[in-house]
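S.K.: So the chains spell out like this:
Number of protein chains: 2
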Amino acid sequence: MKALVLVAHGSRREASNDEIRELAQAMARRNSDFDKIYPGFLELAEPSIPDAIRTAAADGANDIIVMPYFLSAGRHVVKDIPAEVDSVRDELSNIPIRLAPYLGQADELIDILFNQAESSS
Amino acid sequence: MKALVLVAHGSRREASNDEIRELAQAMARRNSDFDKIYPGFLELAEPSIPDAIRTAAADGANDIIVMPYFLSAGRHVVKDIPAEVDSVRDELSNIPIRLAPYLGQADELIDILFNQAESSS
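Residue numbers (the working numbering), protein chains in the order written: chain W, 68 to 188; chain E, 68 to 188.
Hint data in this document are derived by calculation from the structure and do not stem from the laboratory.
Predicted model, so just to flag it, every value in this text is computed and none were measured.
Don't take each hint at face value.
[As the list claims (entries may be wrong)] Calculated cross-link-like contacts (lysine to any residue; reagent style SDA-like; alpha-carbon spacing at most 25 angstroms): (1) E/K146 / W/R80; (2) E/K69 / W/S187; (3) W/K69 / E/D153; (4) E/K146 / E/S83; (5) E/K103 / E/D153; (6) W/K146 / E/E110; (7) E/K103 / W/N182; (8) W/K146 / E/A82; (9) W/K69 / E/S187; (10) E/K146 / E/D174; (11) E/K146 / W/E86; (12) W/K69 / W/Q172; (13) W/K146 / E/D153; (14) W/K103 / W/D147; (15) W/K146 / E/S115; (16) W/K69 / W/R80; (17) W/K103 / W/E86.
Given these sequences and hints, build the entire structure.
M.R.: This is how it looks when you write it as C-alpha cells:
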C-alpha cells in the first residue's frame with residue numbers, strides 16, 4: 068500500500084486546517100499512484116507529521132512519500148519537516164519513507180498562475 | 068499594456084523574497100496574456116503592493132491583475148491584500164485593477180501535487 072502524507076504548516080484558524088484535510092480528501096478521490104492520502108501538520112493542528120506517518124504505517128503502507136505543501140524553501144521545508152520525518156525512521160525502519168520536493172519547486176506552477184490570472188481578466 | 072502583480076507575503080529571509088522576484092521574472096519570459104509581471108509584497112519586503120501597482124501604471128499598464136501567491140484563504144488573502152489594492156484605486160481611478168483568485172483555489176494544484184509526489188516515488 069502506497070501512502071502520501073501531505074504536510075502543511077498548520078494554523079490557529081481551524082478553517083485553514085480543514086482546507087488541507089479537504090484537499091487530502093479530494094486527492095484521495097482521484098486516480099493516482101497512491102492508495103491513501105493523509106494530511107499532516109508541522110504545528111498548531113493535528114495530526115502531527117510523525118502521527119500521520121504512523122497512521123499510514125498502521126494502515127499497512129509499505130511505501131510512504133511525504134510532501135511539503137509549501138511555496139518557499141524556508142526553515143520549515145529545509146530543516147523542520149525533514150527532522151519530523153527522521154524522528155520516526157527508527158521506529159518504522161522497515162518502511163521506506165521519502166521526502167518529495169515541496170510544492171513551490173514545481174515548474175507547472177507558472178501555468179496555473181497564468182490560468183488563474185487570465186480567468187479573471 | 069496588461070500587467071500582472073504577483074503578491075507574496077514577504078519574508079525576513081531575503082532568499083525567500085528573491086524566489087518570488089525570480090518567479091516573476093520566469094513568468095515574464097513566458098508567452099502569456101500579460102506584457103509585464105511585477106512582484107509585490109504584503110509586508111517585510113519591497114516593493115509593497117501599492118508600489119508595485121503604481122509602477123505598473125507608470126509603465127503604461129491600462130489593465131492590472133493582482134494575484135495572491137498564497138495557498139490558503141487566511142486574513143491576508145481575505146482582508147489585507149484587498150485593502151492594499153483598494154488603497155490605490157482612487158489615485159489610479161482610470162485603470163481597472165482586478166483581484167484574481169489566490170493560487171490555492173486552483174483545481175490543477177492537485178495534478179501538480181501528484182506529479183511531484185510520483186516523481187520522487
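S.K.: What hints, given by number in increasing order, does this structure fail?
M.R.: Violated hints (numbers, rising): 3, 13, 15 and 16; every other hint is consistent with the structure.
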